[in-house]
Amino acid sequence: MNRESIGVIICSCSGRNLGKQEIDSITQRLSFAESGIRNMIIETALCGEDTLKSLRNEVEKKGISSLIIAGCGAARISGVTEKIADALSFAPSSILGVPLFYSEGAESEKNKLGINEARVDKAVRGISRGMNVLTSQEPLEIEEIPVVQRALVIGGGAAGIYTADALNRFGHETVLVEKKDSLSDYGIDEKKLKDLEGVIIHTGSSLVSLEGSKGNFSACVKTPGGLEEYQAGAVVIASGAPVPADPKKYLQNRFGSSSAVPLFSLATAYSGLPRIPSLRRIGILLDLDRDEGRASTQMALHAAQEIQKPNAAEVFLFLRDARVGSLHLEELYDAVRDMGVTIVKYSGEAKISSLETGLQVTVQDDGLGVLTDYTCDLLGISPFGCAAEEDDPLSEITGVHLDDYGQFQDNNIQLMPVETNIPGIFTAGGGRGEVYSPKVKQEALAAAGEVHFLLKNKTLHLERSEAQVDPDKCILCLTCIRCCPHGAMHVNREDGVAECSTAACQRCGICAGECPAKAISLPVWTDEIVLNQL
Amino acid sequence: MITAVQKPFDEIYRTIQGYKKLLILGCGTCVTVCMAGGEKEVGVLASTIRLANQKNGVDMEILEDTIERQCDKEFFDDVKDKIQEADAVLSTACGVGVQYCSELFQGKRVIPALNTKFYGTNLDVGVWSERCAGCGDCVLEKFGGICPIARCSKSLLNGPCGGSQDGKCEVDPEIDCAWQLIFDRMKELNMLDRLEENEPIKDWSTGRDGGPGKIVREDMTL
Amino acid sequence: MEKKIALYCCENSAYKAAACLTGPELQKGIEIIKLPCTGKMEINLILKTLEQGYAGVLVAGCPIDNCKYIRGSSRAEKRIEKTRELLKAAGIPEQRVRMEFLSSVDSHKLAGAIKEMKQELEGVMS
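Residue numbers (numbering that gives the first Met the number 0), protein chains in the order written: chain V, 0 to 533; chain L, 0 to 221; chain X, 0 to 125.
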């Protein structure tokens, strides 16, 4: 970009952070410096409402097509820069924010001309560097990509149904795919199932392939009637918690004992035990392979309550952490303790070994600080605490990472609640580890909201700032394709090189950092631009 | 593909001492793919040597360049001037490239920066595993596609030996016992009976043991 | 030139933390360079920075499990570790290169790392 078309805005924050003499000093130094800035705009309150109007006039009058905005740190954080970019219809890479790092008490550091030299220095340097960066950038095109007006939801459990229902109400064409022969009715009020009119539902079906990127996915669904192809703008994975398919069989195999039963059938198993005079000890175990949430605590407390009727049995509840973050759970927890249930908080792993009759649970007791053995006649283990037997094939098909527990979504706060590493693919419910009914519905609505937000813009306006692969240097070593966390790199078979998808690329530069042949660069972050900041 | 790893820095540093002008020459094919001697590694090596020289007060000019391959002469055209003006060339190519560069530029000192390792597959990012020993008479058809020469520590053709334990080799528990792999594969392919055939003594002269190799395709020569 | 530390910050976390650094001793002797993600950092860039005369390079980015781009921080961690090994093998103080993991509100953590690095550099540089 040429110097003439670059405008520099300096905001003095109503004169509080930069006085008139200081601004004059900055202006003078920048005009004579090599950066030779032509268009300087002085503002007092960039965050004000009226500023945009006057700014638009200035920008048009002077033929400015890119901006350096030097203002307080707050401006950056509060999104003033983005607001201005939007209002002026500037591409993201044409606006550079230069936060002027203000220190408190600078009044006392002013010299006798009323100028704080350190601040002026910092401003001049930051703006000059900004000029270096913008002048070494090529202006980038904006590509318009139409967004396919259809949403694909994988999973017909509570999460999937609530998501599909919400999307339907938003007016989006929705396809719901469920692998069992019918949709679930667990955790759903009746009405919802009837409301799914208009949603295209495929039961006994599964997703076999997914290509494309945000706004333009191509899905292939295997249905009892054959293969169905769908284009979709967004996908929601609501495939349910990765638990063993047959918990009863799984537990019996794993511990070699019929005394280990799934928690939800503990009460039945207990009532099936032959009557004997002495007290039974019944164990309930949570957090076996992974940390569990509120739904499990709720299930465990209810089971404990039911079994520990006065003198009916001695119930021991083993857990690493009691998730009682909701009023009724806290009350339930207190009630269970009052009944005489022993709650053993343990750390680390619980060891379970089979005895002649019953099981032995060995845990590191948090309170006592020692390894303690507990003999149980019966042990109810929560299936949600059991590691999945194998990885969900959807991960391989969609490219969405599984965390250590086999759940979609990497347990990364930047993604929560419903995003995944693939832009345009969201996840809700058991699939990401949430099985507590009130939260499941909440997440489903959040996922539907994200999809709606994506689909309501019929077109994506994307700046062509995605990773560029130099075809002469690319040796198709596949490193970028394997490393890209967002699935944005793929093989262009015709040209025999790697290629980046504009919609999926997040402009993070990981591929550029990895490429052994130095064939990849980000237009807005070339080595030159990065080092120019020094 | 050919795999190689970079020599330890102190070894490289020692061998380049005494030269006033050094050209570090990279290769853009195999050694770039195995992340040992491409343009990137050339840059890193050059910077590290410069920093070390600065610290040790060594006066040395470092030139850097990378060509497509160092096993075909045409690619050297772009850098022949640089090679001529340098006192020595530190080549980050495999052993083939280092030698060829030396051949093409008679009298020029060419120093290797890498240790060439094996023909292998890229299992995942940053992981390579040996698969072929270049024996010159491929017997993969007889062993279900698993090479007993390259993958068996003892290159047994009528294995396994007595040291195979839980599918691992007695030489190193990290190494899969090739004969376990062969047995499992042949079972899958319903070809176990083939393993009962005695494999005769191999003629090793078809490979390295027969002396330096040469291939001439009369139908292709100009 | 005056011995400075080049502070390479990812724009999602460290850059925001750096913006809140107050105190002249933290602002002097530091050059702040913005990156889209520390995953873009290359060993070459670090070494070139040292060649340009900078006393040290401090790379600051999101915590490993909370990188905005999932694995950028962990890729950077490996590269910085490799750089330190290289420097050590070349007889150059490895304390000149280091990496810090922090979120956008951890200015105090960044300040601590800068202070520590300045002290270490005084000890190893002549």
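Since the hints were derived computationally from the structure, they do not count as laboratory data. As the structure is a computational prediction, the values presented were derived from the model and not from experiment. Every residue, glycine too, gets a C-beta built ideally from N, C-alpha and C. Treat the hints with care, since some could be wrong.
Unchecked claim - Chain V side only, calculated, beta carbon under 8 Å to chain X, not exhaustive:
| id | residue |
| --- | --- |
| 1 | Pro98 |
| 2 | Asn411 |
| 3 | Asn420 |
| 4 | Pro484 |
| 5 | Gly508 |
| 6 | Ile509 |
| 7 | Ser520 |
| 8 | Leu521 |
| 9 | Gln532 |
Hint check:
no.	hint	in the structure
1	Pro98	5 Å, holds
2	Asn411	5 Å, holds
3	Asn420	5 Å, holds
4	Pro484	4 Å, holds
5	Gly508	3 Å, holds
6	Ile509	4 Å, holds
7	Ser520	10 Å, violated
8	Leu521	7 Å, holds
9	Gln532	4 Å, holds
Consistency note: the structure conflicts with earlier hint 7 alone.
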